[in-house]
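*Asks:* These are the residues of each chain, in order.
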Amino acid sequence: MIEYRSIGKTFADGTEAVGDFSLQLPSRTTTVLVGSSGCGKTTLLRMVNRMVEPSRGQVLIDDVDVATRNPVELRRSIGYVMQAAGLLPHRTVIDNVGTVLRLNGVGKKETRERSYAVLETVGLDTSLAKKYPSQLSGGQQQRVGVARGLVTDPNILLMDEPFGAVDPIVREELQAELLRLQRELDKTIVFVTHDIDEAFLLGDQVVILKKGGKIAQVGSPADILAEPADDFVRSFIGLDRGRRTLRIEERDGVRLVVDSTGKATGVLQS
Amino acid sequence: MSWLLDNRDYVWDLTVRHMWLSAIPIVVGFLVSLPIGWYANRHHRLRGGLLGGISILYTIPSLPLFVILPGILGTGILSATNVLVGLSIYAVAIMVRSASDAFGSVSPQVLDAARASGYSSRGRAWAVELPLAGPVLLAGLRVVAVSTVSLVSVGALIGVSSLGSLFTDGYQRDFRTEIVIGIVATVVVALVFDGLLVLAGKLLMPWSSISRPTGGAA
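Protein chains in written order, with this note's numbering: chain G, 526 to 795; chain C, -13 to 204.
Heads up, none of these hints are tricks.
If you only want the chain C side, here are some residues facing chain G, beta carbon under 10 Å, derived:
1. Tyr105
2. Ser107
3. Pro117
4. Met191
Hints are computed from structural coordinates only; laboratory data are not their basis. Idealized CB from N, CA, C, for every residue including glycine.
Please build the complete structure, drawing on both the sequences and the hints.
*Replies:* See the structure below:
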């Protein structure tokens, strides 16, 4: 379990990224931090592996304060996937994937085997292994990024808008792939996005953030849709624009699901 | 041509000497510039003054420098060390800015990703920053190499023999063939050095010369 205890972050220039943030992230579930830019979601994510140090409060992993752990070793024990993959351009795909294993002192042969295995896990053709990142498409690069995050089989996977830089079709593929992976691997995932649809799709627990890391609402997607806490949440999840307020209309004996503008979005099956 | 055939051993000796006199300052200049450039890129406030101060060394005329160095270093007036030290100073003066630019050219996002993966600061400098700075470092080093090869000739004026000696000797004897051979041989040495550097870059940095992405789906 990851726990934020009264976390605050004020940057050196005086801007307060996070005011007072407390939250528990249950193990083996996906928690999505969602909010507009400037809500402090990436700052919060990066506190887990000490890429950012909180100004106040504590972050605990399984009841151990991360501040007591060596940051370099801590980072090697946590998977990290970032926007546009962040792959090392001078290393081949297979070497990029194996980076953290090598840093942890795993032998060359074992690194190779485990890297190839994880490439298959994320659905990448192993014929790409010897290519350089710039020879891959954006979607393929992002898969390599996920493979790199998973190769050490970490308990925790941090994902910072990982699918933000790919086109919508590829993004849907990657999202589906992540859901499949999570069913198989059962990681504790912290996922940051500004896309509420992505948050509802991937999150077991969704945290909607306002400016300064203030929690507008925490809950499952169903909870939030059923009982939005306030107008901010209602507007953020789109209930006020009618895209999510659906009703049923019968047409020729078929029950259609229609949004508030009258546009048909699906068919209801009994 | 017959002069070249008659003196081929002499010309070859001078060529080898010329290569040594060039190679050492190129290597020294490169190795000295790397940490300075890295440091300058890290400390933006000092960068301007540091790079400006070092670059200005290049404005010292080479002949007077070679003449005053024995007084500073305590070396013999005819010692090759004077030329080696002088040329190393010029190499650093040119290279240090390239080195700083080279480290500055590394994508901050990649550095961030390397840090998140668990690289220590030192490990990241060696395994990520240095190789990724490679293409720009190589570009700077090629300029240094050509400049050094041509400056070695000036050493002939203070008695440190190199291909430049063919020029001084030919000039004194008013013997044009020797002058031309000296110039051509110097150009050939410069081209060989440049070719070797480009080749080394291809071998060490295969990733920098690959085709760009084709795009497309996952």
